[in-house]
Amino acid sequence: MLPPDEPLAEIACRVNGRAVRGRAALRQTLVEWLRADLGLTGSHVGCAHGVCGACHVRLDGAVVRGCLVLAAQADGATVETIEAAGGPEEAALRDAFVAHAGLQCGFCTPGMILQAAELLQRNPAPSREAIRDALSGNYCRCTGYHAIVDAVEAAARALRGPAATA
Amino acid sequence: MTPARFAYARPATLDAALDMLAREEEATPLAGGQSLVPMMAMRVARPALLVDLNALPGLDAIEATPGVLRIGALARHAAVLDHELVAAEAPLLALALREVAHPAIRNRGTLGGSLCLADPAAELPACMVALDATLVLASAARGERRVAARDFFAGLYATARRADELLLRAEIPRAPGWSPWFEEVARRRGDYAIAGLAVMARREAGRIAALRLAFCGVEAAPRRLPEVEAAVIEGRDAAALLPGLLAPLGSAEAPAAYRLHLAQLLLRRATEHAHAAA
Numbered sequence: 001m002l003p004p005d006e007p008l009a010e011i012a013c014r015v016n017g018r019a020v021r022g023r024a025a026l027r028q029t030l031v032e033w034l035r036a037d038l039g040l041t042g043s044h045v046g047c048a049h050g051v052c053g054a055c056h057v058r059l060d061g062a063v064v065r066g067c068l069v070l071a072a073q074a075d076g077a078t079v080e081t082i083e084a085a086g087g088p089e090e091a092a093l094r095d096a097f098v099a100h101a102g103l104q105c106g107f108c109t110p111g112m113i114l115q116a117a118e119l120l121q122r123n124p125a126p127s128r129e130a131i132r133d134a135l136s137g138n139y140c141r142c143t144g145y146h147a148i149v150d151a152v153e154a155a156a157r158a159l160r161g162p163a164a165t166a
Numbered sequence: 001m002t003p004a005r006f007a008y009a010r011p012a013t014l015d016a017a018l019d020m021l022a023r024e025e026e027a028t029p030l031a032g033g034q035s036l037v038p039m040m041a042m043r044v045a046r047p048a049l050l051v052d053l054n055a056l057p058g059l060d061a062i063e064a065t066p067g068v069l070r071i072g073a074l075a076r077h078a079a080v081l082d083h084e085l086v087a088a089e090a091p092l093l094a095l096a097l098r099e100v101a102h103p104a105i106r107n108r109g110t111l112g113g114s115l116c117l118a119d120p121a122a123e124l125p126a127c128m129v130a131l132d133a134t135l136v137l138a139s140a141a142r143g144e145r146r147v148a149a150r151d152f153f154a155g156l157y158a159t160a161r162r163a164d165e166l167l168l169r170a171e172i173p174r175a176p177g178w179s180p181w182f183e184e185v186a187r188r189r190g191d192y193a194i195a196g197l198a199v200m201a202r203r204e205a206g207r208i209a210a211l212r213l214a215f216c217g218v219e220a221a222p223r224r225l226p227e228v229e230a231a232v233i234e235g236r237d238a239a240a241l242l243p244g245l246l247a248p249l250g251s252a253e254a255p256a257a258y259r260l261h262l263a264q265l266l267l268r269r270a271t272e273h274a275h276a277a278a
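So the sequence lines, in the order shown, correspond to chains S and P.
Here my numbering is used: the first residue of the first sequence is 1, the next is one more, and so on.
Here my numbering is used: the first residue of the second sequence is 1, the next is one more, and so on.
Since the hints were derived computationally from the structure, they do not count as laboratory data.
Each residue gets a CB set at the ideal place from its N, CA and C atoms; glycine is no exception.
Hints may be right or wrong, so weigh each one.
Negatives, chain S to chain P, calculated, CB over 12 Å [claimed, not checked]:
| # | residue |
| --- | --- |
| 1 | Pro-3 |
| 2 | Arg-14 |
| 3 | Val-20 |
| 4 | Gln-28 |
| 5 | Asp-37 |
| 6 | Gly-50 |
| 7 | Arg-65 |
| 8 | Leu-68 |
| 9 | Pro-88 |
| 10 | Glu-90 |
| 11 | Phe-107 |
| 12 | Gly-111 |
| 13 | Ala-134 |
| 14 | Leu-135 |
| 15 | Arg-157 |
| 16 | Arg-160 |
Heads up, incomplete: computed chain S residues facing chain P, CB under 8 Å, no partners named [stated by the list, open to error]:
| # | residue |
| --- | --- |
| 17 | Leu-26 |
| 18 | Gly-53 |
| 19 | Val-69 |
| 20 | Gln-73 |
| 21 | Asn-123 |
| 22 | Gly-137 |
Estimated spans, in silico, between C-beta atoms of each pair [to be verified]:
| # | chain 1 | residue 1 | chain 2 | residue 2 | range |
| --- | --- | --- | --- | --- | --- |
| 23 | P | Gly-58 | S | Asn-123 | 27 to 37 Å |
| 24 | S | Arg-160 | P | Ala-4 | 34 to 44 Å |
| 25 | S | Val-51 | P | Ala-256 | 38 to 48 Å |
| 26 | P | Gly-58 | S | Gly-86 | 32 to 42 Å |
| 27 | S | Ala-130 | P | Gly-177 | 46 to 56 Å |
| 28 | P | Met-42 | S | Cys-105 | 36 to 46 Å |
| 29 | S | Gly-61 | P | Ala-88 | 38 to 48 Å |
| 30 | S | Cys-105 | P | Glu-204 | 25 to 35 Å |
| 31 | S | Ala-12 | P | Ala-220 | 41 to 51 Å |
| 32 | P | Pro-243 | S | Arg-160 | 46 to 56 Å |
| 33 | S | Leu-2 | P | Glu-253 | 34 to 44 Å |
| 34 | S | Gly-161 | P | Glu-84 | 24 to 34 Å |
| 35 | S | Cys-105 | P | Ala-210 | 52 to 62 Å |
| 36 | P | Arg-174 | S | Cys-142 | 45 to 55 Å |
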């Protein structure tokens, strides 16, 4: 808990399609504010210094580390978290992660899904190497990554349609 | 992992930002924050005032003039990596940026932030030296000032930028006929380089006519090595010169002797490539 005299920033932004006004401690990161004040606990705080990727959110359309952006910097911005990430890529990835056991504890999964969705939006048919490259900044301590790469590959195939699965 | 307290300002104009830096001695510019924010989280950095540059208009522009490619200091790594003008006029940057961290970091991190932090292992400072770029700085007191990249990097996390200055842009000479080479060795994909090498070479009539190179991760700061460049051009054993010229950094993970070994390895690969292509 931060002390009661903590300096605050006023924030007005869009979060998951809703206009939000609120306050955050100046030294609070975006992911901490989303979790503690807005109740959006899908983005996780893993390492809290930009290494693990569990905190990924979309800021003005780009996937970023939620722990390396200050909440105050979200003022005027558009934020999207895993809770509202409902595009075709995310839907296909969710199904594929389940089907291929691309998660065990699930802590890294929201960050993985957002990062993999950004990859598939840019590259509908990524090689396994490209998938590993795109997810190189997302740590998973359970799966050993093979099942995650399988899942992203399967999601890409599913999105490309029946011709691609043949 | 909570930073020490700081004041925060997000100026809307360059003049307002420069005024803040001039007035507050312990003000720190915040660009992408991909190094500064973790440094604050670990309390290695404790700025009194963060001057957030992200609302400054136009500071992220990428444009070509007849002589140079200009890249604004606030251009994100991902934007530079994907830009057609960069691919055409400074493809060395695209080669190097593929090695810079991970997609989410590249979406937020900036060219200017990387250059002004001057991490010894960072790729972009070495590229700016190899590209013979000019860095344009501004301050409220003295206006604009131009510094050659080879004079900008002064040591570990040390540059020629003064506390009241902001980096505005890098200007890279457009260099038809020059071709780039970049490779690095890192423990894992996206990690900082243990050693890396940026090379620009110009060929004429089947031979190397001119060459510029700079290492990253090896010494405290990137610099040109004229004797080494001349040896590569003349086909002499350039790697044999490195033990006498380099002062490699040492660390528990990568002792100085290992960095020197990697520097020689990279130089041999680059030399082979340059001569094969010529």
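Looking at the structure, which of the earlier hints fail to hold? 1, 4, 6, 7, 8, 12, 13, 14, 21, 24, 25, 27, 28, 29 and 30
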